[in-house]
Each structure stands twice: as C-alpha cells, then as structure tokens.
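**Q** Based on the sequences and whatever the hints tell you, model everything.
2 protein chains.
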Amino acid sequence: MTEKNKQNSDLDRLREDLNNLDDQLKELIKKRAEIAKNISVIKEDSNLPIYQPSRELEILKRLYNDDHHPLNIQLVWNIWRSIINANTAIQAQLDIYIENNIELAKRELILNNFGSQNNLIENEHPLELLAKQNNKNNQIAVINSNSPLIEHIEEGSINIISVLPLINFDSNNPSLYILGKRNHLNTDEDIFILKVVTDLSDGPLSKNKINEISEIINQDIDYMQQISEQSILFALRYKKIDYDDLVIKIKSKKYIKTAAMIGQYAAPLDLRR
Amino acid sequence: MTEKNKQNSDLDRLREDLNNLDDQLKELIKKRAEIAKNISVIKEDSNLPIYQPSRELEILKRLYNDDHHPLNIQLVWNIWRSIINANTAIQAQLDIYIENNIELAKRELILNNFGSQNNLIENEHPLELLAKQNNKNNQIAVINSNSPLIEHIEEGSINIISVLPLINFDSNNPSLYILGKRNHLNTDEDIFILKVVTDLSDGPLSKNKINEISEIINQDIDYMQQISEQSILFALRYKKIDYDDLVIKIKSKKYIKTAAMIGQYAAPLDLRR
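Residue numbers (the numbering used here), protein chains in the order written: chain C, 17 to 289; chain H, 17 to 289.
FYI, nobody ran anything at the bench for these hints, they're computed from the structure. Keep in mind that a hint or two might mislead.
In silico PhoX-like pairs for lysine-lysine, Cα to Cα no more than 20 Å straight-line [claimed, not checked]:
(1) K273/H <-> K223/H
(2) K46/C <-> K46/H
(3) K47/C <-> K59/C
(4) K42/H <-> K47/C
(5) K20/C <-> K59/H
(6) K46/H <-> K42/C
(7) K270/H <-> K223/H
(8) K42/H <-> K46/C
(9) K225/H <-> K269/H
(10) K273/C <-> K223/C
(11) K20/H <-> K59/C
(12) K22/C <-> K59/H
(13) K122/C <-> K122/H
(14) K265/C <-> K223/C
(15) K47/H <-> K42/C
(16) K267/H <-> K223/H
(17) K223/H <-> K269/H
(18) K42/H <-> K42/C
(19) K256/C <-> K225/C
(20) K53/C <-> K22/H
(21) K22/H <-> K59/C
(22) K77/H <-> K77/C
(23) K53/H <-> K42/H
(24) K269/C <-> K225/C
(25) K46/C <-> K77/H
(26) K59/H <-> K152/H
(27) K225/H <-> K265/H
(28) K223/H <-> K22/C
(29) K265/H <-> K223/H
(30) K77/C <-> K46/H
(31) K47/H <-> K59/H
(32) K270/C <-> K223/C
(33) K265/H <-> K42/C
Partner residues are not named here, just some residues of chain H that face chain C (Cβ under 7 Å, in silico) [said to hold, decoys possible]:
(34) L27
(35) R29
(36) N36
(37) Q40
(38) L41
(39) K42
(40) K46
Keep in mind that this is a model prediction, so the values were computed, not measured. Quick reminder that beta carbons are idealized off the backbone N, C-alpha and C, glycines included.
**A** Encoded structure:
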C-alpha cells in the first residue's frame, strides 16, 4: 500500500467512525425533541412563554462545568443553540421585533442566538408592537442596550427578560436587551435592572447624584448605564434584599422622580479574566 | 397536589430527562470532535483543503434518509452545521472572501452555513484575493450566482466547488457559488459547470445559439444561466461522458470562443415537489 493509499484508507475509516457517531447523535436528538414537544404542551396549558432564557442559561452553565476538549464552551454552546432552536421551532415560531438601527455584528448575534426559523420583524417601535399583541407567549423584542426606547419601559408585564451575548468574554455590559412577558423562573444568579429617573427641574443627573444613589443601593452593582440626562440603569446582582424597601429609600431623595424594576434575568456566563 | 404544582413537577421531571440526554450528547460530540481532529492531521499531511463540501453533502444525504419526527431535515441540518462548524473551527479558521454587494438574506445563508467562527472578509475582488494566497487549504470565496465575476473564472486550480443553499425547496438555481481549491472527492451525483463564451463579432448570444449548444451537450442540463451577452453557464448532471470530447465538439462551432469546465460540486439535496 502506498503512503497516499494508506492516508485515504485511514480517512475512510475515520469517516466511517463519524457516520456511526452521527447515527447515535440522531437518536438522542430525536428523543430530545420528543421531550421538548411534551414540555411545550405543559407550557401551553400553563400559559407560559415559549422562550425561557433562564432555562437556557441553566443549560449553558451545566455545559460550562464539563471538559469539552478539543472543543471550547463557545463552540459547544453554538451546537446547543441549534438544538434548542430546533426544539423551539417545533413548538411555535417566535415573533421577534427588532429595533431598526441594529448594526450588522449585533444582528449576527441575534441570528446566531435564535436561528433563522423565526419571524424577524424590524420596526421603529418594537415595544409598542409587543405591547399591542394579546398572546405574548411567542413574542419578544430585541433592542440595543443603549437604545432611547429604554426610557419608555415601565414596571409591568413587558420587561427585560434576557440579554445578548449570553457568554461574556471581555465586558459584562450587554450588547442587546431582550424584552418579553415576565419570566417565571428565578435562578440563584439573577440580575435586576433598576431604572432611576431624576427630576430635570433639579438639574441634569450629576456624578454626585449617581454616587448618592449608588450608596443607597449599597450592594454589588454589576454595571451602570446612563440612558439620558435624567435617567440611569443599575444592574444589581441578586441578593436577599427587599427591593420594595430599596425603591422607597431611593425615592426619598427629593430629586428622584421614579425608581422601578424594569427587568430581571439570569446572569450571563462570565468568562472575563 | 394542586394542578399548578403537578404541572411544575412534570416540567421539572422532563427537564431532568433533557439534562440526562444532554450529558449523553456531550460525550458523543466530544468524541466526534476528537475524530475530526485526527482527520485534520491526515488532511494537513496530504495537503487537502479543510473545507470539504462534498463530504458535507454526504452527511446531509445520510441524515435525509432517516425519520427525524418531530424535527424536519432543515432543523436537523442546522444542528449538524453547528457540529461540523465546531469541528472545522478546531482545525483552523477559514478565510472567507465575500463579494461586496451580497444582500442581507444571502449573507444570513453564509453565516448559517459557516457559522461565525471564521474570518469573513468582504471585498470587491474576492477571486483575486483568493488567487493571491499561497495556502489555499483554508481559503474560499463566496460570490452571487449571477455575479459578473463569473466571467473571469478560468479552468484551473480555483473553481466552483459548492453552492448555497445545500437544500433546495423550490428552485435548483443556486443563490451563491463557493469557490476554492479543486475538490478531490467525487460523488455519484456531481454537477459540472460548463462555461461557454461566444465570439461577439458574430453577434450577441441568441436563443438559436443556446439551443444549438444545448443539443450538442445532449444530456440532462440541471440549469442554464446567461452571465453576459456573450457567455452562458450550463450545469450538467454527472454522467459517464467524455467532457474533453464534449468541449471539442462545442468549440467546433465557429461562433464559440471558449468552452471550459469551471466547477464541479456535489448536487444539493433536492426537495422540490
């Protein structure tokens, strides 16, 4: 046997091994879809949203705990995304309302996360579209994390329920917020989004005021994000804390107009060095 | 137990089942990556391209032969794409030179197919970029199937080696051509791309001339595509036929300037009704 022939027969043998593995994978993936189908029936009976970002993060964090060499967590997570998205697709199509001016790289983030099986609807007013719909179990909106639309999110049934990306390599500031019907699953590592709006008649939001509010919050702030000259978001790590009490304390400052929890989501996987 | 509690415990039990399946999937996916790693070593030793579209179509066609209910072939193929792309990523990054003016829907096709792990390089002259590189084993170009650049593809080392999409639901005309180093794997269902250039001094390419050339070809033409007023592509299904002989016959017509095979690829999966 020549060297060339030996390489070809080695290749053929390894490809046969891959085919055998693929047959086993097919069986498992089919079984997984059948279970997901059963879950979707219960979700429908219980009026639960199809998209469950905190459950997805639970799956991601379980994956992260294992050794995948020669793969890495990002590659493995891409595989699970396509498995999860296939299982979502057999439950229903998601209507995803996307803010108009989302740049290409972030669009790719959305496409990578949700796949191409859903209805991607670009619109100037994604939140209004979402609010108008009666059945919010298969509807979400995606906006820039620095979108002026954040100013209009109120405490209520439509809130920030997740972020993208779900794996942080360099920053813990999200690129995109996902909005939808409030999520029912709490995790041990939830992040709460507190929106504080100040009274402009007292002058624009200053560093001093931000420091003062931060001191009242008095716990780990995951990130802060000023969204206008009067409003700021604080992302708070879940701790045993009375949020109603916190809101009352913040509101006691005379320059505060409103303070409200406008989001709760499972913390992304943090791989920052 | 209340109805609500029963639904929650049913959900928990089914999610536990999913977690167990995921553990088994993880093992198989890890094993598959290890084998792919071994294949990449042989490919490197043999100076073979990393991207092997005909092998990918072999995998797709194997998948198509099985029942995946409640999933369908498109959803299953999306999962395998992410598995294949993860296995490619641990071999090397692909440099993908993309023609500038590719519309959004087709860009998503590229992203869906190759994933986001590669270097996507947009350029006006993707073929020149590809031709300039010494190591073509990790480099490909993607162009519109009606791109004026097709006029410049010559018979030689860089040819059409695949198309997108790989699953045809309505038309067998490809949206995109993938170009790269000639592929070494022949399949039972290869498509050959024959480019015929006529002499403009004899007038532009007419219906009569196209019919005359088609008659010489005298076999199943998968699709035809006029690319300029002097040039036309014929996509021919693989049959036992002497292509050198065919080219000579076509060239015998006095209005023919050149006729050349500029591509060979495994036929996409055809699901047209």
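**Q** All the hints need checking, so say for each whether the structure fits it.
**A** Hints versus structure:
Simply put, K273/H and K223/H have alpha-carbon atoms about 17 Å apart, close enough for the 20 Å limit, and the pair holds. As the CA atoms of K46/C and K46/H are separated by approximately 19 Å, the hinted pair is consistent with the 20 Å bound. At most 20 Å may separate the alpha-carbon atoms for a hinted pair to count; K47/C and K59/C meet this at roughly 19 Å. Annotation: proposed proximity of K42/H to K47/C holds, straight-line Cα distance about 15 Å (limit 20 Å).
For the given pair, K20/C sits about 11 Å from K59/H by alpha-carbon distance, which is consistent with the 20 Å threshold. The straight-line distance between the Cα atoms of K46/H and K42/C is roughly 15 Å, inside the 20 Å bound, and the hint therefore holds. Taken as a hint, the K270/H and K223/H pair is honoured in the structure, with Cα atoms around 16 Å apart against an allowance of 20 Å. Distance check on the hinted pair: K42/H and K46/C sit about 15 Å apart at the alpha-carbon level, within 20 Å; holds.
With a C-alpha separation of about 10 Å, the suggested pairing of K225/H with K269/H holds against the 20 Å cut-off. Between K273/C and K223/C, the direct Cα distance comes to roughly 17 Å. Compliance with the 20 Å bound is thereby established for this hinted pair. Straight-line distance between C-alpha atoms of K20/H and K59/C comes to about 11 Å, which keeps the hinted pair within the 20 Å bound. Under the criterion of a C-alpha separation no larger than 20 Å, the hint pairing K22/C with K59/H is consistent with the structure, at around 12 Å.
With a C-alpha separation of about 17 Å, the suggested pair K122/C and K122/H falls inside the 20 Å cut-off, and the hint holds. The hinted pair formed by K265/C and K223/C meets the criterion: a straight-line CA distance of about 19 Å does not exceed 20 Å. Straight-line distance between C-alpha atoms of K47/H and K42/C comes to about 15 Å, which keeps the hinted pair within the 20 Å bound. At roughly 18 Å between alpha-carbon atoms, K267/H and K223/H fall within 20 Å of each other, so this suggested pair holds.
Our distance criterion of 20 Å between C-alpha atoms is met by K223/H and K269/H, whose separation comes to about 15 Å. For the given pair, K42/H sits about 13 Å from K42/C by alpha-carbon distance, which is consistent with the 20 Å threshold. Taken as a hint, the K256/C and K225/C pair is broken in the structure, with Cα atoms around 25 Å apart against an allowance of 20 Å. For the given pair, K53/C sits about 18 Å from K22/H by alpha-carbon distance, which is consistent with the 20 Å threshold.
Taken as a hint, the K22/H and K59/C pair is honoured in the structure, with Cα atoms around 12 Å apart against an allowance of 20 Å. For the given pair, K77/H sits about 34 Å from K77/C by alpha-carbon distance, which is inconsistent with the 20 Å threshold. About 16 Å separates the Cα atoms of K53/H and K42/H, which keeps this hinted pair within 20 Å; it holds. Distance restraint check for K269/C and K225/C: the Cα-Cα separation of roughly 10 Å lies within the 20 Å cut-off, and the hinted pair is therefore satisfied.
For the proposed pair K46/C and K77/H, the alpha carbon gap of about 17 Å is at most 20 Å, so the pair holds. For the proposed pair K59/H and K152/H, the alpha carbon gap of about 13 Å is at most 20 Å, so the pair holds. A threshold of 20 Å between alpha carbons decides the hint, and for K225/H with K265/H the separation of about 14 Å falls inside it, so the pair holds. As the CA atoms of K223/H and K22/C are separated by approximately 51 Å, the hinted pair breaks the 20 Å bound.
Distance restraint check for K265/H and K223/H: the Cα-Cα separation of roughly 19 Å lies within the 20 Å cut-off, and the hinted pair is therefore satisfied. About 17 Å separates the Cα atoms of K77/C and K46/H, which keeps this hinted pair within 20 Å; it holds. Of the supplied pair hints, the one linking K47/H and K59/H holds, its CA atoms being roughly 19 Å apart against a limit of 20 Å. Restraint check for K270/C and K223/C: satisfied, since their Cα atoms lie roughly 16 Å apart, inside the 20 Å limit.
At roughly 48 Å between alpha-carbon atoms, K265/H and K42/C are farther apart than 20 Å, so this suggested pair is violated. Interface restraint check: L27/H against chain C, minimum CB-CB distance 6 Å, threshold 7 Å, status holds. At about 10 Å, the closest approach between the beta carbon of R29/H and any beta carbon in chain C exceeds 7 Å, and the interface hint on this residue is violated. Among the interface hints, the one on N36/H is violated; its C-beta lies about 10 Å from the nearest C-beta in chain C, farther than the 7 Å criterion.
The restraint placing Q40/H at the interface with chain C holds, with a minimum CB-CB distance near 6 Å, inside the 7 Å limit. This hint holds: L41/H has a C-beta 5 Å from the nearest C-beta of chain C, less than the 7 Å allowed. With a cut of 7 Å, the hint placing K42/H at the interface with chain C holds, because the nearest CB-to-CB distance is about 6 Å. Taking 7 Å as the C-beta contact cut-off toward chain C, the hint placing K46/H at the interface holds, the least distance being around 6 Å.
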